[in-house]
Each structure stands twice: as structure tokens, then as C-alpha cells.
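Undergrad: The chain contents come next:
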Amino acid sequence: MKKEPRWPLERVKELAKARRFFVQRTRALDFFPSFQAARTAVLGVLLELEIGSYAHTVQLTFDMADVYGIRVEDRGWYLKITIDEQVPEVAVISFHPLERALKTRGGRVTP
Amino acid sequence: MTGSRVRKCHACGVGEVRPLAADGRIARYRTLATVPIPRDLPIPTCSNCGAEWLDEETTKALDEALEVAYRAELRARAVQSIERINQHAAQRRVELLLGLSQGYLSKVRSGARAPSPELVSQLALLAGDPAARLRELEDYWSNPPAS
Chain A
0 MKKEPRWPLE RVKELAKARR FFVQRTRALD FFPSFQAART AVLGVLLELE IGSYAHTVQL
60 TFDMADVYGI RVEDRGWYLK ITIDEQVPEV AVISFHPLER ALKTRGGRVT P
Chain B
0 MTGSRVRKCH ACGVGEVRPL AADGRIARYR TLATVPIPRD LPIPTCSNCG AEWLDEETTK
60 ALDEALEVAY RAELRARAVQ SIERINQHAA QRRVELLLGL SQGYLSKVRS GARAPSPELV
120 SQLALLAGDP AARLRELEDY WSNPPAS
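So the protein sequences, as listed, match chains A and B. Take 0 as the starting number for the first sequence in numbering that gives the first Met the number 0 and just add one per residue. Take 0 as the starting number for the second sequence in numbering that gives the first Met the number 0 and just add one per residue.
No lab work stands behind these hints: they were computed from the structure. We put the beta carbon where it would ideally sit given N, CA and C, even for glycine. There's no promise every hint is true.
Chain B stretches covered by chain A per the calculated footprint, using a threshold of three residues with CB under 8 Å from any CB of chain A [stated by the list, open to error]: (1) 9 to 16; (2) 22 to 28; (3) 40 to 54.
Simulated restraints, written as ranges between beta carbons of each label pair [what the hints assert, rightly or not]: (4) R4(B) / E9(A): 33 to 41 Å; (5) V13(B) / K2(A): 21 to 29 Å; (6) E66(B) / K2(A): 41 to 49 Å; (7) D39(B) / S93(A): 27 to 35 Å.
Cβ-to-Cβ under 7 Å is the rule here; a few derived chain B residues that face chain A [claimed, not checked]: (8) T58; (9) L61; (10) E94.
Can you build the whole structure from these sequences, using the hints too?
TA: This is the structure in C-alpha cells:
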């Protein structure tokens with residue numbers, strides 16, 4: 000049986016649609032001309048997420064986070080998200096170009 | 000969504016994320032590799048690992064502040080380049096070569112016009128070696144393009 004994301008995609012998209020997502024500021028955001036541009040890109044990716052992009056779930060200190068490999072404009076991107084239902088919101092822990100190939104349910108996503 | 004609420008940090012799982020105003024923070028913004036973030040602008044920051052988190056409100060405030068700093072830096076750089084170029088050529092000649100209207104560079108210097116990053120880039124290239132670059136530009140506009 001194929002593994003499922005810890006956080007249902009429907010819930011991720013529901014929160015994203017309501018603009019309820021929190022993005023960790025990392026150097027990866029330097030790929031975008033502004034923070035708003037980065038946030039818009041993250042929003043687009045969250046809204047378009049498909050089960051085929053799901054790679055695996057990782058255990059963090061207290062959370063579980065889902066990892067996805069996505070192709071955006073001919074480039075592979077790494078996305079790691081969790082949901083904080085206490086807020087509620089999607090926490091985007093990582094969003095950056097892939098450094099190495101990532102195996103997803105839909106196949107390998109390359110950098 | 001509000002940037003003022005306390006959240007737990009999903010980067011370390013330990014700290015609390017609270018709005019924090021601090022000195023010494025920088026960001027890349029548009030063409031500039033480093034733009035200082037105003038010290039009084041709070042960014043949700045983890046009390047344990049220092050991770051910064053951006054919600055919609057913080058993102059908007061951050062970009063607005065960075066845009067102001069960016070425009071000021073563009074103007075400062077443009078003025079610096081214009082002054083350097085002016086030591087080698089009449090300002091009107093430079094305006095003609097760059098396709099600018101008469102008096103445009105004076106308006107940039109006085110702050111009446113905000114220079115685009117494209118213009119600041121062109122001025123920076125000219126200011127690197129004004130005599131040589133202006134001669135090249137004169138030649139370029141005087142002759143058909145090389146095939």
C-alpha cells in the first residue's frame with residue numbers, strides 16, 4: 000500500500016486558499032525578487048499540489064512534516080510542510096530548488 | 000491571519016515564535032543583494048533557533064519597507080554615477096545617448112524622478128570608465144550594427 004501524506008491535501012489547499020500559511024524565511028527566498036513574490040510562488044505550489052508529488056513524511060521534534068517534489072518551470076523544487084491546527088495554518092518549513100533527485104509517488108523529480 | 004500571535008516554531012519544535020524587532024537584519028530585494036531591514040519592523044522570530052517566519056501581514060510590511068530602502072539606494076547609486084560621468088561629458092550628451100529626455104538626469108539628482116534599476120545599471124556601466132564607455136556608445140549609435 001502506498002504511503003499517504005500525514006496532512007491531507009484538501010486541508011492544505013483549504014488553508015492556502017484562505018491565505019493561512021506561514022513561510023520560514025530562508026536563503027532560498029533569495030530566488031525571488033521580493034518576499035511577496037516568494038509568497039505568491041508558495042501559494043501557487045500549495046494550491047496545485049497533487050498526490051503524485053508526495054515523497055515521504057518526516058518526523059520532526061514534535062511534528063510530522065510532508066515532503067513533496069514539484070516541477071516549477073522546468074526546475075525541481077523541494078517542499079516540506081506541516082499543519083499547525085492550533086492556529087490553524089500551513090507551516091512551510093522548506094521551499095527551495097532540489098539539490099538532488101527526489102523520489103515521489105509520481106516518479107523521480109530531478110533538480 | 001496576524002503576525003502578532005504566538006506560535007510554536009516548526010523549524011526547531013522547541014521555541015516560541017513571537018514578533019521581534021531587531022538591529023542588523025538584512026534581506027535580498029530585487030536587484031540588491033543586501034537591503035537593511037528597518038530595526039522597528041517586527042518579524043515573527045523563534046525564541047530558540049532564531050528562525051524567522053513570514054505570514055501575509057509581515058510579508059506585506061517587509062516588502063513595503065524594503066521598497067522604500069531600495070528606491071533610496073537606487074537614487075543614491077544613480078546620483079553617484081551621474082556625478083562621475085559628468086566629469087567626462089556634458090549631461091545632455093549622456094541623456095541623448097541613453098535616450099532620455101532633456102533634464103531627466105537633473106530630475107534624478109534632485110529626487111524629482113525615481114530612477115529605474117535598468118537606468119541605474121546603465122549609469123553604473125558608463126561610470127566604470129566614462130570616457131571609453133561613452134565613446135563606445137557614440138560609435139554604436141553612429142554605425143549600423145555589426146553583422
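Undergrad: Should the hint that T58(B) touches chain A count as held when the rule is a Cβ pair under 7 Å?
TA: Cβ of T58(B) sits 5 Å from chain A, so the hint holds.
Undergrad: Does L61(B) meet its interface restraint, that is, does its C-beta lie within less than 7 Å of any C-beta in chain A?
TA: Holds, about 5 Å.
Undergrad: Closer than 8 Å, Cβ to Cβ, for at least three residues: run that test on the stretch 40 to 54 of chain B against chain A and report holds or violated.
TA: holds (count 7)
Undergrad: How does the coverage statement for the stretch 22 to 28 of chain B fare against chain A, requiring three or more residues with Cβ below 8 Å from a Cβ of that chain?
TA: holds (count 3)
Undergrad: With respect to the beta-carbon atoms only, verify the hint that R4(B) and E9(A) lie 33 to 41 Å apart.
TA: violated (25 Å)
Undergrad: Can we keep the E94(B) interface hint, with Cβ of chain A closer than 7 Å?
TA: Since chain A brings no Cβ nearer than about 28 Å to E94(B), farther than 7 Å, the hint is violated.
Undergrad: Verify the CB-CB distance for D39(B) and S93(A) against the hinted window 27 to 35 Å.
TA: holds (29 Å)
Undergrad: Just tell me: holds or violated, for the beta carbon distance of E66(B) and K2(A) against 41 to 49 Å?
TA: With Cβ atoms ~43 Å apart, the hint holds.
Undergrad: Go ahead and decide if the range 21 to 29 Å is satisfied by the Cβ distance of V13(B) to K2(A).
TA: Hint holds: Cβ distance 27 Å, inside 21 to 29 Å.
Undergrad: Checking C-beta pairs, does the stretch 9 to 16 of chain B have three or more residues closer than 8 Å to chain A?
TA: Holds, because 5 residues of the stretch 9 to 16 of chain B bring their Cβ atoms closer than 8 Å to Cβ atoms of chain A.
The structure shown violates the earlier hints numbered 4 and 10.
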